[in-house]
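Engineer: Next come the chains, spelled out residue by residue.
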Amino acid sequence: MYVIIVGCGRVGSSMAKQLVDEGHDVVVVDEDPSSFRLLGDGFPGQCVVGAALDWDVLRQAGIEGADAFAAATDGDNTNIVCALIAWRAFEVRCAIARVYDPLRARVFARSGLHTVCPTEQARVMMMDAVHACPISTTGE
Amino acid sequence: MFVVIVGAGKVGLNVARSLTHMGHEFIVIEQRRSRYDLLRPELEERLLFGDGTEMWVLEEAGIVRCDLVVAVTGDDEDNVVIAQLAKLEYDVPKVVARVNNPRNQPTFDLLDVDATVCAATMMISMIQHELPSHQFVPLLSLKRENMELVEIEVSDDSPSAHLAIDDIRLPDGVLVTAILREGTALLARGSEVLLPGDQVLCLLAPGREKELIRSFLPSRKPEEVQAQASIDTISE
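Top line first, the protein sequences correspond to chains A and B. So the first sequence is numbered by this note's numbering: it starts at 5 and just counts up by one. So the second sequence is numbered by this note's numbering: it starts at 322 and just counts up by one.
The hints are simulated quantities; they were obtained by calculation from the structure and are not laboratory data. A quick note: this is a predicted structure, and the numbers were derived from the prediction, not measured. Note that the Cβ used here is the ideal one computed from N, Cα and C, for glycine as well. One or more hints might be untrue.
[As the list claims (entries may be wrong)] Just so you have them, the derived chain A footprint on chain B, three or more residues with Cβ under 8 Å:
{"hint": "1", "region": "374-383"}
{"hint": "2", "region": "397-409"}
{"hint": "3", "region": "428-439"}
Please work from the sequences and hints to get the whole structure.
Structural biologist: Structural data, given as structure tokens:
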């Protein structure tokens, strides 16, 4: 599988390392070249420096042949827009955007974009954890 | 008309002032505290503090009942998202967006923003218009109206040279509106004769550029002429 990851932060870099370990071809795109340090020494994938909104940068990352595209920069809007470009302009069928804001995540998911909302997932897990707490009997 | 403007930079502020003069209702959203504090005395309750890509902020501004959204922040990804939210979630009849970096123009086009304004592109068009070496300059694109305004030179070997407007054969969907000659503009009336070296302003349907170039600049390759006029080589 050929995967493009945009944003080499904690999520992007660890996804990249895991995908490489699994034997996939990985390209990581980030505006800041120093962020590639998170990939560690000897990362066998390709690193592209540039803004992922720029169609030429995406082409340079090989988007025309990509099987999957994951946008995990620290900006919701950047992730939404570059995933929209991958999906709508370059027909990457599996284009995923990380969107912290649950409202925006829902609107774009409804329009067909694959969104992952960590906030919503944290809410569900925190609620489950709270519901699982034993109720104290002291004071009754 | 009620307009929601996102971004109170120079562009947003001046749009707001113009709307005031025209007597329209509007609200401006600004997320930088210092800019908000600076403009609050002038715009009063028509200035709202917040991130205009947050839906609750847009709703507080009244996006549900607005006739037009103007997305003029300094970030293209924000302007794209605002335009998308306005269309997808709030059925806003019309959205106008600012393109900060001309390299992002294809994204705005891809996502069907009604109208985009790019200062850099306009500036380049104006410069090309002033340069004698540019024989073809796209001046204005009205997406929703499906109409473009371009300027093109009449070459010596054009079949239209030395003919009156009424007698020239133009491709379908092209209208010559004005002739620029020696620094003045003439309305393209039927009896007006085109001379080699004239610049003509043409209205045309998008996609007719190549036929137009073949008709006025027959010895040039349309693809080359268009490539020369395109500005997508600009980088940040």
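Engineer: All the hints need checking, so say for each whether the structure fits it.
Structural biologist: Cross-check of the supplied hints:
1. Chain A is given as covering the region 374-383 of chain B, and this holds because 4 residues of the stretch bring a CB closer than 8 Å to a CB of that chain, at least three being needed.
2. For the region 397-409 of chain B, the assignment as covered by chain A holds, since 8 residues bring a beta-carbon within under 8 Å of that chain's beta-carbons and 3 suffice.
3. Taking a C-beta to C-beta cut-off of 8 Å, the region 428-439 of chain B contributes 3 residues in contact with chain A, enough for the three needed, and the coverage statement holds.
In this structure, none of the earlier numbered hints is contradicted; all agree with it.
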